[in-house]
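2 protein chains.
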Amino acid sequence: MKFATVKTGRPDGSLVLVSRDLSTTVKVTDIALTLQDALDNWEACEPVLQARYEALNAGIVRDTEPLGALTLNAPLPRAWQWLDGSCFMNHGHLMQKAFHLDPIEDADKYPLMYQGAGDNFSGPKDDIVVADATHGADFEGEFAVITGPVPMGSALQQAQQAIRLVVMLNDISYRTLAPREMKTGFGFVQAKGATAFAPIAVTPDELGENWRNSRVHLNMVIHRDGKPFGTVHGQEMYFGFDQLIAHAALTRSLNPGTVVGSGTVSNEGPSVGQACIAELRAKEMIANGASSTLFLQHGEVVTLKATDDAGNSLFGEIRQHVVVENQHV
Amino acid sequence: MKFATVKTGRPDGSLVLVSRDLSTTVKVTDIALTLQDALDNWEACEPVLQARYEALNAGIVRDTEPLGALTLNAPLPRAWQWLDGSCFMNHGHLMQKAFHLDPIEDADKYPLMYQGAGDNFSGPKDDIVVADATHGADFEGEFAVITGPVPMGSALQQAQQAIRLVVMLNDISYRTLAPREMKTGFGFVQAKGATAFAPIAVTPDELGENWRNSRVHLNMVIHRDGKPFGTVHGQEMYFGFDQLIAHAALTRSLNPGTVVGSGTVSNEGPSVGQACIAELRAKEMIANGASSTLFLQHGEVVTLKATDDAGNSLFGEIRQHVVVENQHV
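Residue numbers (the numbering used here), protein chains in the order written: chain A, -10 to 318; chain B, -10 to 318.
FYI, nobody ran anything at the bench for these hints, they're computed from the structure.
Treat the hints with care, as some may be off.
Identical chains share a label here; the pair holds if one copy fits it or two copies do between them.
Below, a list of computed lysine-lysine pairs in the PhoX-like style, where the Cα atoms sit at most 25 Å apart [unchecked claim]:
#1 Lys114 / Lys216
#2 Lys114 / Lys16
#3 Lys16 / Lys272
#4 Lys294 / Lys86
#5 Lys(-4) / Lys16
#6 Lys294 / Lys114
#7 Lys216 / Lys272
#8 Lys172 / Lys16
#9 Lys114 / Lys272
#10 Lys294 / Lys(-4)
#11 Lys172 / Lys86
#12 Lys294 / Lys172
Chain A with its partners taken away, still in its complex shape (with noise of 0.2 Å):
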């Protein structure tokens, strides 16, 4: 099934079916109000919304309306916990090497995971509102599942079989302060600013072959200011989903609803471009000793799309531009 939330005065808008092709919607609200709801009452309500989805993709169910004619939010619009990983090991790596880091200690042996802000998750084409120029305003391409409940203490195959949906989204990240909060091992506050999804969430099923072994294999295609920043593709994650909702797990309990993201996409083998500004900012750093390229400024759009082996997008657009109240001029 292929979910989208349509925005309306209240924070969690209201759900909606999306047709497998993208072109069509259907309101489903007389099974669940929101996506919340639906991943509260999963048992419930998935056979009904999959008898809905099939009649929607063969043409038979009435008072449809264009996917294109809706306003649409995060699919989950906020999420009572938010956690993002750090899972693509060539992110840490160039990081290391261009600012002379040390390694962190066991990242191959545990995940890398912070406790993300879910209260208010951007729509896909919600600006990226930036309080000051000097915060380094940047992007980060990420895959990300939401979840049934998880037990604490669930094993991997629990914890792959409690993945309910699979999203894409951009973890907005301010990088001049970031060094001062990961030194204190707090992790990240002000570093983070709301995240924003593509406005499709499916269910696993939808992705085919292009989901296995708990990880997202597909391309995710960045613009930045129309011109080409990266194709990156989500194969090399270290660590699959099933790995980070077990880690998350250990010592509670997850409740319907939990987001946990890979980090940003990031390829050590053959790759074009990169899915943030810090990953250019560094290689550009290894190369000539100097980072050259400038952080998120006014004006300027961000657009990411993730696409099959066929080109089919599978999540929809995040597009979205950048308003920076402080600009110092």
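Fit chain B to the known structure of chain A by using the hints.
What follows is chain B alone, placed relative to chain A:
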């Protein structure tokens, strides 16, 4: 005003007002179903709630129920955002001295703060469920505030005015898991369990002179298994709650119902005992070269209570039993 939340089948429970002397309660679900609802609509709800609160204290409302007859949850049973500071400098100093840790850089310039999991707070009498005896389960007695909306970039005065409620909590911490997570720089995920709250949330005016300078000037009394463990005082908080809120709002807005904690209460000056086991173990290490006090054991009981100079309880009592799932026996 004083609020509590009755446990129901729903995760957010049902809101009641509690009389100033903590003897009796009245339902307010006709005004706000839950504390989150009240916080989301504070401007509209506040005068109506205030009128009923005055009537409750005057003994002129019907359908009251004794506080003791209710099964209570945390006042806010889950929060869209839970941010915890570490603002009692003595705590860090003790840890550094005992375990030969480097001081955290700039800890006197910027508040230490981590993003916690607010999806599932514990009620005042809920068990502390520990996955494994080796995790080093500990309590931490803290004060906290619950905010209204805080726009991005709010200054101190605006942050101060956004404080709606004051609460007391037990921040469950797993001491053997924390050092590895701190070293990554990503903060605490496995090292924190479900945070438990005292049953009563109060508006700052209820504290009178004991709410000064955005700090809680109250004693907190902690017992472990019936024996006095500590009597500590909130006045030494190095950064006030206004500073914590402004810090968190530098790069993003905070929504109503954001919980901001002080960190474990700890005094440089004269105090008796401490508010967490880790500090006692640190004192033992400094004095004897070894820590002898054990972390929480299966079957133990922890109680926390805050009192004014006259000995009145302000937030009611936290009283939790420890259940260790894997005891390795």
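Outcome of the hint check:
1. Within a single copy, Lys114 and Lys216 get their C-alpha atoms as close as 18 Å, which meets the 25 Å cut-off; across copies the closest is 57 Å, which misses it.
2. Taking the shortest Cα distances, Lys114 and Lys16 sit within 25 Å of each other inside one copy (21 Å), while across copies they are farther apart (42 Å).
3. For a Cα distance limit of 25 Å, the shortest separation of Lys16 from Lys272 qualifies neither inside one copy, at 46 Å, nor across copies, at 61 Å.
4. Taking CA atoms no more than 25 Å apart as the test, Lys294 paired with Lys86 passes in neither setting, with 29 Å inside one copy and 50 Å between copies.
5. For a Cα distance limit of 25 Å, the shortest separation of Lys(-4) from Lys16 inside one copy, 13 Å, qualifies, whereas the shortest one across copies, 33 Å, does not.
6. Taking identical chains as interchangeable, the C-alpha atoms of Lys294 and Lys114 lie at most 25 Å apart only when both belong to the same chain, with a minimum of 13 Å there against 48 Å between chains.
7. In this assembly of identical chains, the alpha carbons of Lys216 and Lys272 lie at most 25 Å apart only when taken from the same copy (18 Å versus 59 Å across copies).
8. Within a single copy, Lys172 and Lys16 get their C-alpha atoms no closer than 47 Å, and across copies no closer than 47 Å, so neither meets the 25 Å cut-off.
9. With identical chains, the CA atoms of Lys114 and Lys272 are never at most 25 Å apart, being 29 Å at best within one copy and 54 Å at best between copies.
10. When the C-alpha separation of Lys294 and Lys(-4) is checked against a cutoff of 25 Å, the pair qualifies only within one copy, where the shortest distance is 21 Å, while the shortest distance between copies is 44 Å.
11. Proximity of Lys172 and Lys86 under a CA criterion of 25 Å is satisfied in both settings, with 18 Å inside one chain copy and 19 Å between copies.
12. In this homomeric assembly, Lys294 and Lys172 never come within 25 Å of each other (Cα to Cα): the closest approach is 33 Å inside a single copy and 34 Å across copies.
Of the numbered hints given earlier, the model fails hints 3, 4, 8, 9, 12; all others are met.
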